[in-house]
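Given next are the chains, with one letter for each unit.
2 protein chains.
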Amino acid sequence: MDARKFQAAQKRAQDVLSRAGIVLTPAEASQIEVADLGLNRLAEEGLELVTYINNDRYCAKELVLFPGQTCPEHRHPPVDGNPGKQETFRCRSGEVWLYVEGEPAPSIRAQVPEASRPYYTVFHEIALRPGEQYTIPPNTLHWFQAGPEGAVVSEFSSTSTDGNDIFTNPNISRAPVIEN
Amino acid sequence: MDARKFQAAQKRAQDVLSRAGIVLTPAEASQIEVADLGLNRLAEEGLELVTYINNDRYCAKELVLFPGQTCPEHRHPPVDGNPGKQETFRCRSGEVWLYVEGEPAPSIRAQVPEASRPYYTVFHEIALRPGEQYTIPPNTLHWFQAGPEGAVVSEFSSTSTDGNDIFTNPNISRAPVIEN
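If you're matching them up, the sequences are chains A and B in order.
Going by the working numbering, the first sequence opens with residue 1, and the numbers climb by one from there.
Going by the working numbering, the second sequence opens with residue 1, and the numbers climb by one from there.
Calculated directly from the structure, the hints in this document are not laboratory data.
The structure displayed is predicted, hence computed values, not measured ones.
Among the hints, a few may not be true.
Here's a subset of chain A near chain B, in silico, CB distances under 10 Å, partners left out [what the hints assert, rightly or not]:
id: 1; residue: 3
id: 2; residue: 7
id: 3; residue: 11
id: 4; residue: 29
id: 5; residue: 31
id: 6; residue: 52
id: 7; residue: 79
id: 8; residue: 90
id: 9; residue: 106
id: 10; residue: 156
Even for Gly, the Cβ is constructed at its ideal location relative to N, Cα and C.
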């Protein structure tokens, strides 16, 4: 991702958070994470994040998805004897469609990103509107996409160790890449 | 607390959350916890809570404090080999003054509740405005009071086991008491 696109996405994410009533300090705003996951098509696949706290016991983040933006399918495997990260997603604004392992929906509301179609394999659908939430068990495949208004999702979880995430798409690298 | 006071406090807490941009489901709104801690002076000492999730790994709540309302001094001791609850307080609206163990402030901004003065013993002050946060280590005495606008505070933490909390005031019981 080039630096200009990165900064534009940061600014846009900050605006979305602000419209959802979520206040960031200037330092936090300048550190909003823009994750294109190395795919270089942020509008379709990626997300924006603010990590409030991540310690050895718990973690809390805000996730921002632009309209139609998709966080690709992944799971949080067991690490060092821990059962893998468990996450509670709480929708704060907009709408988000979450897909997990289980009975697939007959037809899903999200549009699977065309370029990565083979890497989306679970289709049990949970639609979340503001105030609604869902807890994803450890080591469970999941992906999610914002509806046409975009979405802000609070994530409450056990400790986050992003480097251990396993994405279905082998081309994904979790570390953000920013080129000048 | 009589049922009318309880319901009025619930309604008021819901309004405060709504003004802070925080959406609850109708079921959540009807279950807002009003904790007068058995002291029967809610306006001075107590708080209102919504627990989003509390499992064996993490917990997330919204805390509502009315203007000048104080959550009395307490600590979260070690339980069953765990080091005690660790909490991150993030101010979402209003202002909150948090007091923990450590170097006491020369003069504090909060007003110690007169009826319970002997039960407030730590005076290291942290003032939190929207977007600001502070993490309280396990087993550390703390209390907090909202400023003149009241406050909404998001609490991210390890597992919550309220029954184990140790309040400095021996008259406090954690279980809510509602009389009809």
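Structure-based check of all given hints:
1. Restraint check, residue 3 of chain A versus chain B: the minimum CB separation of about 25 Å is more than 10 Å; hint violated.
2. The beta carbon of residue 7 of chain A comes no nearer than 20 Å to any beta carbon in chain B, farther than 10 Å, and the hint placing it at the interface is violated.
3. Given hint, residue 11 of chain A at the interface with chain B, is violated; its Cβ is 17 Å from that chain's nearest Cβ, farther than 10 Å.
4. Checking residue 29 of chain A against chain B: minimum C-beta separation of about 9 Å stays under 10 Å; hint holds.
5. A distance limit of 10 Å between C-beta atoms decides the matter here; for residue 31 of chain A the minimum to chain B is near 13 Å, and the interface restraint is violated.
6. A hinted interface residue such as residue 52 of chain A counts as satisfied when its beta carbon comes closer than 10 Å to some beta carbon of chain B; here the least separation is about 6 Å, so the hint holds.
7. Hint status for residue 79 of chain A relative to chain B: violated, with the closest Cβ pair at about 13 Å, above 10 Å.
8. At its closest, the beta carbon of residue 90 of chain A sits 6 Å from a beta carbon of chain B; the interface hint therefore holds under the 10 Å criterion.
9. A hinted interface residue such as residue 106 of chain A counts as satisfied when its beta carbon comes closer than 10 Å to some beta carbon of chain B; here the least separation is about 26 Å, so the hint is violated.
10. With a least beta-carbon distance of about 4 Å to chain B, the hint placing residue 156 of chain A at the interface is held under the 10 Å criterion.
Violation of the numbered hints given earlier is confined to hints 1, 2, 3, 5, 7, 9; the remaining hints are satisfied by the structure.
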